[in-house]
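**Q** With the sequences and hints as input, model every part of the structure.
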Amino acid sequence: MYRKLSRESRIRRSMLAGITKDVIMNEGVTTTEARAKEVRKFVDKMISYGKDGSLVARRKALAFLHNDKNVVNKVFNELAPRYAERNGGYTRIIKLTERKGDDALTVRLELVD
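Each residue of the sequence shown is one higher than the last, beginning at 1 in this note's numbering.
Watch out, some of these pointers could steer you wrong.
[What the hints assert, rightly or not] Derived lysine-lysine pairs resembling PhoX-like cross-links, with alpha carbons at most 20 Å apart:
{"hint": "1", "residue 1": "69", "residue 2": "51"}
{"hint": "2", "residue 1": "37", "residue 2": "95"}
{"hint": "3", "residue 1": "41", "residue 2": "95"}
{"hint": "4", "residue 1": "74", "residue 2": "95"}
{"hint": "5", "residue 1": "45", "residue 2": "69"}
{"hint": "6", "residue 1": "60", "residue 2": "45"}
{"hint": "7", "residue 1": "4", "residue 2": "37"}
{"hint": "8", "residue 1": "45", "residue 2": "4"}
{"hint": "9", "residue 1": "51", "residue 2": "74"}
{"hint": "10", "residue 1": "4", "residue 2": "41"}
{"hint": "11", "residue 1": "74", "residue 2": "41"}
{"hint": "12", "residue 1": "69", "residue 2": "95"}
{"hint": "13", "residue 1": "45", "residue 2": "74"}
{"hint": "14", "residue 1": "51", "residue 2": "41"}
Please keep in mind that the hints were generated in silico from the structure rather than gathered at the bench.
**A** Structure, rendered in structure tokens:
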């Protein structure tokens with residue numbers, strides 16, 4: 001099961017891809033807990049594609065990340081070798097505080113070292 005996050009499917013997919021790109025490029029992002037829990041699945045999948053290293057995996061990563069070659073190159077050239085010995089669990093969620101406007105719990109989603 002997945003979270004709908006009060007969005008249509010195409011908008012939700014685009015939002016999740018954007019947050020995934022931010023996590024990969026900045027190695028962390030601050031967002032709501034629901035979004036972070038949903039995005040971590042995609043970040044783990046992108047790093048798994050990077051560890052696979054095949055052309056098919058690269059094309060799948062490009063398709064999900066809106067053909068952003070800089071992000072895909074970082075996944076395949078930097079993150080995949082870093083996590084070569086690790087079998088999953090590439091991200092961590094650190095709870096921060098409630099957001100002032102709507103009391104949504106904000107968290108920091110970051111890559112583990």
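**Q** Which numbered hints does this structure break?
**A** 4, 12
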